[in-house]
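Could you slot chain E onto chain U? The hints should help.
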Amino acid sequence: MGFDLPFNVIADGGGLMNLKGCLILAGVIFSIGAWGVVARRNVLTVLISLELMLNAVNLVFASFARMHANMTQSANNATAGENGQIFALFIIAVAAAEAAVGLAILITYFRNKETVDTRDMKELKQ
Amino acid sequence: MNWSELSQLLPVGVVLLTALVVVAIDLFVKPNDRFVLPWIGVAGCGIALAMALKTNTAPWFAGSHEDGAKALILGGAFSIDGFGLGIWVVACLAGALSLISSAHHEEESTLSAGEFIGLILLAVTGMMLLAVSHDFLTLLISLEIMSISTYILTGSNRHESRSNEAALKYLVLGAFGTAFLLMGIAFFYGGTGSLDMSEIVSGQIGKMGQASQVNPTFVLLGMGLIFVGALFKIGAAPFHFWIPDVYQGAPVSVTGLMAVGVKAAGFAVVGRLFFETFASSEFSSLWLPAIEVAAVATMIVGNILAMTQSSVKRMLAYSGIAHTGYLMLGLLIAPNSKDVAEHLHSINFYLLVYGVMTLGAFGVLGLLRANGRPIESMDDFAGLAKEHTGIALCMAIFMLSLAGMPPLGGSFSKFMIFKGAIKEGHVLAAVIGILTSVASLYYYLRVVVKMFMSPANDAVKGGDEATQCQYAWATNLLIYATGIVTLILGMMPGLVF
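Protein chains in written order, with this note's numbering: chain U, 1 to 126; chain E, 1001 to 1497.
Next up, chain U with everything else stripped away, as it sits in the complex (with noise of 0.2 Å):
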């Protein structure tokens, strides 16, 4: 498509910060995460890989605050650049409940079964 990325617009006091380079991290973080959950057996793990993915959507959303935040003087929107930080804090509080009830479930879990492979986990196939 032959539109212009805003790339450029997280200026930093007088550094350039590049909105680029901080989309690729969120994005390698973000799919190091997914594999994780795939890939991993160790549920430990794949609940840390599951914190790794939505801490990559904060990322997104803390560079995308700092764009909006810029770009949008002239905007209608005045409060574009507020929205995604706020956005961000919520999700660090949902990440954390969920990740209570999820170490919560793992422990009865292992209570029960004395294990926290999920090569284990077959239980529920007829």
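To be clear, the hints were calculated from the coordinates, so they are not data collected in a lab.
Please note that the accuracy of each hint is not assured.
[Unchecked claim] Output of the computed footprint for chain U on chain E, the stretches with three or more beta carbons under 8 Å from beta carbons of chain U:
{"#": "1", "segment": "1157-1171"}
{"#": "2", "segment": "1350-1357"}
[Claimed, not checked] Simulated restraints, written as ranges between beta carbons of each label pair:
{"#": "3", "chain 1": "U", "residue 1": "21", "chain 2": "E", "residue 2": "1423", "range": "48 to 54 Å"}
{"#": "4", "chain 1": "U", "residue 1": "120", "chain 2": "E", "residue 2": "1020", "range": "37 to 43 Å"}
{"#": "5", "chain 1": "E", "residue 1": "1494", "chain 2": "U", "residue 2": "44", "range": "51 to 57 Å"}
{"#": "6", "chain 1": "E", "residue 1": "1387", "chain 2": "U", "residue 2": "92", "range": "52 to 58 Å"}
{"#": "7", "chain 1": "U", "residue 1": "100", "chain 2": "E", "residue 2": "1238", "range": "28 to 34 Å"}
{"#": "8", "chain 1": "E", "residue 1": "1005", "chain 2": "U", "residue 2": "42", "range": "46 to 52 Å"}
{"#": "9", "chain 1": "E", "residue 1": "1435", "chain 2": "U", "residue 2": "120", "range": "38 to 44 Å"}
{"#": "10", "chain 1": "E", "residue 1": "1339", "chain 2": "U", "residue 2": "96", "range": "39 to 45 Å"}
{"#": "11", "chain 1": "U", "residue 1": "119", "chain 2": "E", "residue 2": "1427", "range": "41 to 47 Å"}
{"#": "12", "chain 1": "U", "residue 1": "42", "chain 2": "E", "residue 2": "1020", "range": "35 to 41 Å"}
{"#": "13", "chain 1": "U", "residue 1": "100", "chain 2": "E", "residue 2": "1071", "range": "32 to 38 Å"}
{"#": "14", "chain 1": "U", "residue 1": "92", "chain 2": "E", "residue 2": "1075", "range": "20 to 26 Å"}
If you're wondering where the values come from, they're calculated on a predicted model, not measured in any experiment.
All C-beta atoms, glycine included, are put in the ideal place defined by N, C-alpha and C.
Same frame as chain U, but now just chain E:
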């Protein structure tokens, strides 16, 4: 704070308050008096249901096909409209019925009664908020209220490793789906600078490409990721694989809540995203074919795999996947068409009918016992009609209605969905839907044949043990009531359609 706007969310408040009250009362009552807790929860759901029906922005039950006056409240955080209120009704119904069917076997759950019931009510709160959320922030919060409650409920039989396993799988895969959804929202925010669904719709996307504010590449990427996350949440192919395991491992009443309430809330979100946020033709030309492919795949996969199951609970899980596919046919409409309201109306009606019959079927599964456990496999149903003719008849009604046999509720709702899809020109998808729903008769009828034509299985001690449970009468009543309602909805759909 604007109280007149806030008061439109009062039904949600009632459910939330009931959840807190139940948990608080649980601290003070003696263990013998705990039987009162589920009924407080049922009363809360019932009041919320009545209030949702009484709201004058709910034209869905007034027989009108208009989407009704849409009221954006609290700065666009929530949108109170006919579609959302319809989902409220389904969610409250799912909550109340699963509370009733959990009342008699709550002694099997090691969670204390108050927490179990409080979590069910919290899940219903999340579903209701999700159905009307109109901002990505409220969407995230209500989605997580619903999901986290259901994760815990799934694992509430905590001494049974199957329940633990189901909860763990649900949590991991649910959070995986959420992460994709959130990544989609992040790129969407990057592209538009806003988290409000309606603001994006109204102005900016039309000027795409020329306005510097909207970046189409990011928005498209966001839409793709949101699409994946949404398919995960409603359990459509190719992201359906978690459903059978989770439904099978969860306690029966929780399975009913998930099959009906969570699915209804998911469809509310999908409908809102596609018909409000991505409604412009640049986007709908992309997601319409994708939905069509996913719907066809979901119908085929769900129905074929359901045939191979020997566990009725797992079979109902696969049939739930198939029904997700039928429901997705209802989304196959160009968002700017004037028939959108009618399509959403069909989806609402379908969810209501599906909810009634599915909750009835799960009620049967929860009531009867074989060897001290809730009956599960196909063989457990052998000869059920001799001992429990009434319940077997109701189960037959649910099965035939799920398959879409004519005089029953399931047929009319399916008819409306297929009719809508054909009217929009998606004939092939509708034909596949009809063929797969004919094929589904095979596995639904297997249960009926087992009940009425097989000799009784000695291992099944159905009613004797079950009727000794304290509230078996309530579940019995639920089964008969849902059976009759399924019949009535089929014969006189005009009552609510």
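- Message: For a quick check of understanding: which of the numbered hints are violated here, in increasing order?
- Response: 2
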